[in-house]
Amino acid sequence: MDLGLNGHRVIVTAGASGIGRAIAEGFRAEGARVIICDIDEAALAGVVGMESARVDVSDRTAVARFMDESIAAMGGLDCLVNNAGTAGPTAAVEDMPPDGWDDTLAVCLTSQFNTTRCSVEALKASRNGSIINLSSLAGRVGFAMRTPYAAAKWGVVGFTKSLALELGPSGVRVNAILPGLVAGDRQRRVLEAKAQRLGQSYAETEAQAFSHVSIKEYVTPEQIADQCLFLASERGRTISGQAISICGDTQRLA
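For the sequence shown, the residue numbers in UniProt numbering are 1 to 254.
In short, the hints are calculated from the structure, not lab data. These numbers come from a predicted model, not from an experiment. Errors might be hidden in some of the hints.
Said to hold, decoys possible - Here are the simulated lysine to any residue pairs, SDA-like style, with alpha carbons at most 20 Å apart:
#, residue 1, residue 2
1, K194, T205
2, K161, L105
3, K216, G168
4, K161, I246
5, K194, P89
6, K124, R186
7, K161, Q227
8, K161, Q242
9, K194, M50
10, K124, A64
11, K194, A64
12, K124, T238
13, K194, K124
14, K161, G76
15, K216, G184
16, K194, G75
17, K161, M145
18, K161, A91
19, K216, T238
20, K194, Q208
21, K124, A91
As the list claims (entries may be wrong) - Quick list of simulated restraints, FRET-style, between CB atoms:
#, residue 1, residue 2, range
22, A73, E217, 32 to 42 Å
23, M1, A53, 23 to 33 Å
24, N6, V93, 43 to 53 Å
25, A183, D40, 11 to 21 Å
26, P98, A29, 35 to 45 Å
C-beta: ideal position from N, C-alpha, C; glycine also.
Given the sequences, and given the hints that come with them, work out the whole structure.
Structural data, given as structure tokens:
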């Protein structure tokens, strides 16, 4: 299916691996010009054929410089994908390290403000402007022992819905994607941390994670990328203010 994204100008944060890499490569396969940033130098070194920069998305000054330079290099911006995130600590709230709380909100939530504030002018000038914010199913349900992550991801949904109201009159649509259990190293590390915390095996922890999922298989990064491509295309021009779950019908996070 030709989504009409040839020549689309796209920025993807944390685009060097995992979900972000799949999104960036999906756009590039459709003929879009994509610039990514990431904090992981080793992952960036493995990126071929895409413009990239090392950026800490919690550093407001560095983000502003990256956004300004990227938008100038592309002559504008049509889609911003706020993908950067961190799993944060796994702990009961009384044991939660305050720095872990602060860092999680800075990367998962405030980073999206950092990039968005620098992109609005260019997106308003686009004929097909959109913002796609990565939240999580933890942004719709509670998540025991992962309170900073859940709080940040709920914040992403509120940020998204407020931006949709604010930017809609200028023709810019804003949506959030809420993945469930996503295949990859990050999900494995999360489950390993929880298994260690609970004193049980990885297999037991994984089985618990899937116990409230109707479709008992991992979501792939490519499925999330496909949703992003559709939302950014003209076919998604009336979709805005939505929090779209891609989660196999997960009822709760165990």
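Results for each hint:
With a C-alpha separation of about 7 Å, the suggested pairing of K194 with T205 holds against the 20 Å cut-off. For the hint pairing K161 with L105, the CA-to-CA distance comes to about 18 Å; that is within 20 Å, so the pair holds. At most 20 Å may separate the alpha-carbon atoms for a hinted pair to count; K216 and G168 exceed this at roughly 37 Å. This hinted pair checks out: K161 and I246 have alpha carbons roughly 18 Å apart, not beyond 20 Å.
As the CA atoms of K194 and P89 are separated by approximately 10 Å, the hinted pair is consistent with the 20 Å bound. Distance check on the hinted pair: K124 and R186 sit about 34 Å apart at the alpha-carbon level, beyond 20 Å; violated. Our distance criterion of 20 Å between C-alpha atoms is met by K161 and Q227, whose separation comes to about 18 Å. Distance check on the hinted pair: K161 and Q242 sit about 7 Å apart at the alpha-carbon level, within 20 Å; holds.
Only pairs whose Cα atoms come within 20 Å are accepted, and K194 paired with M50 is rejected, the gap being roughly 35 Å. For a cut-off of 20 Å, the pair hint linking K124 to A64 stands: about 18 Å separates their Cα positions. Pair hint K194 plus A64 does not hold up; C-alpha atoms about 36 Å apart against a cutoff of 20 Å. Pair hint K124 plus T238 holds up; C-alpha atoms about 16 Å apart against a cutoff of 20 Å.
This hinted pair does not check out: K194 and K124 have alpha carbons roughly 43 Å apart, beyond 20 Å. Distance hint between K161 and G76 is unfulfilled; the C-alpha atoms sit about 24 Å from each other, more than 20 Å. Only pairs whose Cα atoms come within 20 Å are accepted, and K216 paired with G184 is accepted, the gap being roughly 16 Å. Distance restraint check for K194 and G75: the Cα-Cα separation of roughly 45 Å exceeds the 20 Å cut-off, and the hinted pair is therefore not satisfied.
The suggested pairing of K161 with M145 is violated, with an alpha-carbon distance near 26 Å, which exceeds 20 Å. At roughly 29 Å between alpha-carbon atoms, K161 and A91 are farther apart than 20 Å, so this suggested pair is violated. Taking the CA atoms of K216 and T238, the gap is about 31 Å. The hint is violated against a cut of 20 Å. The suggested pairing of K194 with Q208 holds, with an alpha-carbon distance near 11 Å, which does not exceed 20 Å.
Between the alpha carbons of K124 and A91 the distance comes to roughly 42 Å, so the proposed pair goes past 20 Å and is violated. Checked against the hint of 32 to 42 Å, the C-beta distance between A73 and E217 comes to roughly 39 Å, which is consistent with it. The hinted window of 23 to 33 Å between M1 and A53 holds, with their beta carbons roughly 31 Å apart. The hinted window of 43 to 53 Å between N6 and V93 holds, with their beta carbons roughly 48 Å apart.
Checked against the hint of 11 to 21 Å, the C-beta distance between A183 and D40 comes to roughly 19 Å, which is consistent with it. Remark: the range hint 35 to 45 Å for P98 to A29 is upheld by a beta-carbon distance near 43 Å.
Of the hints listed earlier, those the structure fails to meet are numbers 3, 6, 9, 11, 13, 14, 16, 17, 18, 19 and 21, in rising order.
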